[in-house]
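Novice: Read off the chains here:
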Amino acid sequence: DQQVKQNSPSLSVQEGRISILNCDYTNSMFDYFLWYKKYPAEGPTFLISISSIKDKNEDGRFTVFLNKSAKHLSLHIVPSQPGDSAVYFCAASAVNRDDKIIFGKGTRLHILP
Amino acid sequence: ETGVTQSPTHLIKTRGQQVTLRCSSQSGHNTVSWYQQALGQGPQFIFQYYREEENGRGNFPPRFSGLQFPNYSSELNVNALELDDSALYLCASSLRGALYEQYFGPGTRLTVT
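Going down the list, the protein sequences come from chains R and U. In terms of the working numbering, the first sequence has 73 at position 30, counting the first letter as 1, and numbering is strictly consecutive. In terms of the working numbering, the second sequence has 760 at position 59, counting the first letter as 1, and numbering is strictly consecutive.
Simulated from the structure, these hints should not be mistaken for laboratory data. Glycine is no exception: its CB is placed at the ideal position from the N, C-alpha and C atoms. Incorrect hints may appear among the rest.
The calculated lysine-lysine pairs, modelled on DSS-like cross-linking and capped at a C-alpha distance of 30 Å, are [unchecked claim]: (1) R:Lys111 to U:Lys714; (2) R:Lys114 to R:Lys97; (3) R:Lys99 to R:Lys148; (4) U:Lys714 to R:Lys97; (5) R:Lys148 to R:Lys97; (6) R:Lys114 to R:Lys99.
Listed next, with one range per pair, are the computed distances between beta-carbon atoms [unchecked claim]: (7) R:Asp44 to U:Thr814: 43 to 53 Å; (8) R:Asp102 to U:Pro709: 29 to 39 Å; (9) R:Thr88 to U:Leu740: 44 to 54 Å; (10) U:Asn731 to R:Gly103: 26 to 36 Å; (11) U:Leu740 to R:Leu155: 38 to 48 Å; (12) R:His153 to U:Gln742: 12 to 22 Å; (13) R:Gly126 to U:Glu754: 16 to 26 Å; (14) U:Arg752 to R:Pro156: 47 to 57 Å.
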């Protein structure tokens, strides 16, 4: 049972344009969400997070939006740069229940020149 | 400041054998989590260690066990290896209470034949 779903295995975006990565979740107990970025032969790197009490969090070129009623979040990257080409994992946790972080399968982002 | 390191980088074992993977935490971090990432999947939480004790476990059988040492480094042991254990094993360190900003190592690629 996939509690965190990233339905797009890959995404290609032109350099300079906006990249939008989507994520859906099924567990209504999740109250903290994270995005990680992973390059080949490296471990995932924490990118940005959002608590369920917010609907938006911004950090430089990266913005995460949370729609609790739809159980949906998205990561926006503006403008997209070649170094953004990587696999992006959406992850979620129920802070008050346990420390387990549940990851999605990831979306491979290709930034085209 | 030293990052999270893991050894070995790659490993090939035969079904039924036992394996030990090692992880050195980032300096100052007291919590270590282990994840299994199968091909095409996101990382799956195996367990977490804090102050040398297991502090949360995912849906993995008892043949997956671990240790954390006084210097916060950690080991993951897997007994009676099965073909499905072939995966990338990631460890991540963090400060207790800052679990959501975990720093991942590059992983150990285990192949079971």
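Novice: Hints first: check each against the structure and report whether it holds.
Specialist: Results of checking the hints against the structure:
no.: 1; hint: R:Lys111 to U:Lys714; result: 44 Å, violated
no.: 2; hint: R:Lys114 to R:Lys97; result: 13 Å, holds
no.: 3; hint: R:Lys99 to R:Lys148; result: 23 Å, holds
no.: 4; hint: U:Lys714 to R:Lys97; result: 46 Å, violated
no.: 5; hint: R:Lys148 to R:Lys97; result: 24 Å, holds
no.: 6; hint: R:Lys114 to R:Lys99; result: 14 Å, holds
no.: 7; hint: R:Asp44 to U:Thr814: 43 to 53 Å; result: 30 Å, violated
no.: 8; hint: R:Asp102 to U:Pro709: 29 to 39 Å; result: 35 Å, holds
no.: 9; hint: R:Thr88 to U:Leu740: 44 to 54 Å; result: 20 Å, violated
no.: 10; hint: U:Asn731 to R:Gly103: 26 to 36 Å; result: 29 Å, holds
no.: 11; hint: U:Leu740 to R:Leu155: 38 to 48 Å; result: 25 Å, violated
no.: 12; hint: R:His153 to U:Gln742: 12 to 22 Å; result: 20 Å, holds
no.: 13; hint: R:Gly126 to U:Glu754: 16 to 26 Å; result: 40 Å, violated
no.: 14; hint: U:Arg752 to R:Pro156: 47 to 57 Å; result: 49 Å, holds
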